[in-house]
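> One letter stands for each residue in the lines below.
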Amino acid sequence: EAQVTQNPRYLITVTGKKLTVTCSQNMNHEYMSWYRQDPGLGLRQIYYSMNVEVTDKGDVPEGYKVSRKEKRNFPLILESPSPNQTSLYFCASSPYRGLYTEAFFGQGTRLTVV
Amino acid sequence: AQSVTQLDSQVPVFEEAPVELRCNYSSSVSVYLFWYVQYPNQGLQLLLKYLSGSTLVKGINGFEAEFNKSQTSFHLRKPSVHISDTAEYFCAVITTGGTSYGKLTFGQGTILTVHP
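Protein sequence lines correspond, in order, to chains A and B.
Take 1 as the starting number for the first sequence in our numbering and just add one per residue.
Take 1 as the starting number for the second sequence in our numbering and just add one per residue.
In short, the hints are calculated from the structure, not lab data.
Check each hint, because a few of them may be wrong.
Said to hold, decoys possible - Derived contacts from chain B toward chain A, CB cut-off under 10 Å, selection only:
#1 Gln6
#2 Arg22
#3 Gln38
#4 Leu46
#5 Gly53
#6 Phe90
#7 Ile94
#8 Gln108
#9 Gly109
#10 Leu112
Stated by the list, open to error - Cβ-to-Cβ under 10 Å is the rule here; a few derived chain B residues that face chain A:
#11 Val4
#12 Phe14
#13 Ala17
#14 Tyr25
#15 Ser26
#16 Ser28
#17 Gln42
#18 Lys49
#19 Leu56
#20 Lys58
#21 Thr86
#22 Cys91
#23 Phe106
Every residue gets a Cβ at the ideal spot worked out from N, C-alpha and C, and that includes glycine.
The following block holds chain B by itself, in its conformation from the complex (with noise of 0.2 Å):
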């Protein structure tokens, strides 16, 4: 079985500051991996993807994530944050055979607080 860990439930950072989203996962099979963002009071939608190719991805709003295969993380980033990047991050994997192929399994969560 998959399974995905965010290292931070919370996250408080100060506005035009670095901030990065810590995710690892566990897999016996091959992974692709998401990162969903939820702003309060909507539904997840989904901020980058990684499938194949370049271990560095890039999404909406300026984020992006790089996949290590051999510490099985995928850790979010973004230069300088603003405001209205306050949300909650969600690291998901969708596995690619196995059992539970398709499958796709949700961390914790990580609440992002920008201060001004």
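The following block holds chain A by itself, in its conformation from the complex (with noise of 0.2 Å):
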């Protein structure tokens, strides 16, 4: 089954503790990225790589880092959390930026930084 998949799916973390969000999909895609999604502002993006090697900064990389070593895998990493990333994070993925198909989107990963 093609799907995009994130762990954990919930997740209560204290301010400063290092934490790591992963991604992985099935479908051989190129481009992935990371989104936040808070009330009122729907999602935007963190950071997203078009291929192997290549990332880059979305509209709110502040705070993010990713990485993308495997084309199937595109890790979040937050070195030193605080509250205000307090939020639903989604991973999605798409063949070439997804000009012409739509992006599949993970479950989604609740994360409470206290």
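Put the complex together from the two separate chains, hints included.
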């Protein structure tokens, strides 16, 4: 089954404790991205990657890191989480920027930073 | 830069009534347009998309949308809603040129609540 898998689904952590949210897709898509969803703001792009070893900042990259060492995986790293990073996070993938087709989304990771 | 505005944050409606969710966009280059739906505790899934051709596009679950280039709108409609349509709906655009080439930009979302 074609899918984007995120882990964990729920995470509560303390300020400053490094964490990683994993994202994996099995569709051989070149393009992957991370979004955060906040009430009234919709989804905002954090980082994106057009292929292995190619990543770039989205609209809200501060406080986040990513890496793309393999085509299927695109982890999101919070080196020192803060309460304003409490949010719902989505990973998405699509073939070549998703210009002609849809983006496929993971189930989401609800992060709470206390 | 492109932007998407969904004009209603919440839309309550009774079952079997028609509904329209409004979406306007702004972009200096051509765009492709999408509507995504998010059911509670789930990720987003595609409802429909407009790439080119007929301005009236039909999607899953009986939804349709009309692209109006002069008004830069892409409103979503359904003639008769069901309880199961209760969800949050997102309008999104992808630019086809310029410095934001290929970037997917979302609106703020509209929560549709269908009452029995």
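> Each of the hints needs a verdict: does it hold here or not?
Results of checking the hints against the structure:
1. The interface hint given for Gln6 (chain B) holds, since its Cβ lies 8 Å from the closest Cβ of chain A, which is under the 10 Å cut-off.
2. Hint on Arg22 (chain B) is violated. Least Cβ distance to chain A is approximately 14 Å, over the 10 Å limit.
3. Annotation: interface hint on Gln38 (chain B) holds; nearest CB of chain A at approximately 8 Å, less than 10 Å.
4. Look at Leu46 (chain B): its Cβ gets to within about 4 Å of chain A, closer than 10 Å, so that hint holds up.
5. Interface hint at Gly53 (chain B): violated, since its Cβ lies 13 Å from the closest Cβ of chain A, which is beyond the 10 Å cut-off.
6. About 6 Å separates the beta-carbon of Phe90 (chain B) from the nearest beta-carbon of chain A, less than 10 Å, and the hint is met.
7. With a least beta-carbon distance of about 6 Å to chain A, the hint placing Ile94 (chain B) at the interface is held under the 10 Å criterion.
8. Because the smallest distance between the Cβ of Gln108 (chain B) and any Cβ of chain A comes to about 4 Å, under 10 Å, the interface hint for this residue holds.
9. Look at Gly109 (chain B): its Cβ gets to within about 5 Å of chain A, closer than 10 Å, so that hint holds up.
10. With its C-beta approaching chain A no nearer than about 15 Å, Leu112 (chain B) sits outside the 10 Å limit, and its interface hint is violated.
11. Taking 10 Å as the C-beta contact cut-off toward chain A, the hint placing Val4 (chain B) at the interface holds, the least distance being around 8 Å.
12. For Phe14 (chain B), the interface hint is violated, the least distance from its beta-carbon to any beta-carbon of chain A being 25 Å, above 10 Å.
13. The closest approach between the C-beta of Ala17 (chain B) and any C-beta of chain A is roughly 25 Å, which is over the 10 Å cut-off, so the hint fails.
14. Hint status for Tyr25 (chain B): violated, given a least beta-carbon distance of 13 Å to chain A, over 10 Å.
15. The interface hint given for Ser26 (chain B) is violated, since its Cβ lies 15 Å from the closest Cβ of chain A, which is over the 10 Å cut-off.
16. Because the smallest distance between the Cβ of Ser28 (chain B) and any Cβ of chain A comes to about 17 Å, over 10 Å, the interface hint for this residue is violated.
17. At about 6 Å, the closest approach between the beta carbon of Gln42 (chain B) and any beta carbon in chain A falls short of 10 Å, and the interface hint on this residue holds.
18. Nearest Cβ of chain A to the Cβ of Lys49 (chain B): about 7 Å, under the 10 Å cut. The hint holds.
19. Annotation: interface hint on Leu56 (chain B) violated; nearest CB of chain A at approximately 19 Å, more than 10 Å.
20. Given the 10 Å rule on beta carbons, the hint for Lys58 (chain B) is violated: about 15 Å separates it from the nearest Cβ of chain A.
21. Hint on Thr86 (chain B) is violated. Least Cβ distance to chain A is approximately 17 Å, over the 10 Å limit.
22. For Cys91 (chain B), the suggested interface contact is upheld, since its CB lies about 9 Å from the closest CB of chain A, less than 10 Å.
23. Checking Phe106 (chain B) against chain A by beta carbon gives a least distance of about 4 Å; that is within 10 Å, so the hint holds.
In this structure, the earlier hints numbered 2, 5, 10, 12, 13, 14, 15, 16, 19, 20, 21 are contradicted, and the remaining ones agree with it.
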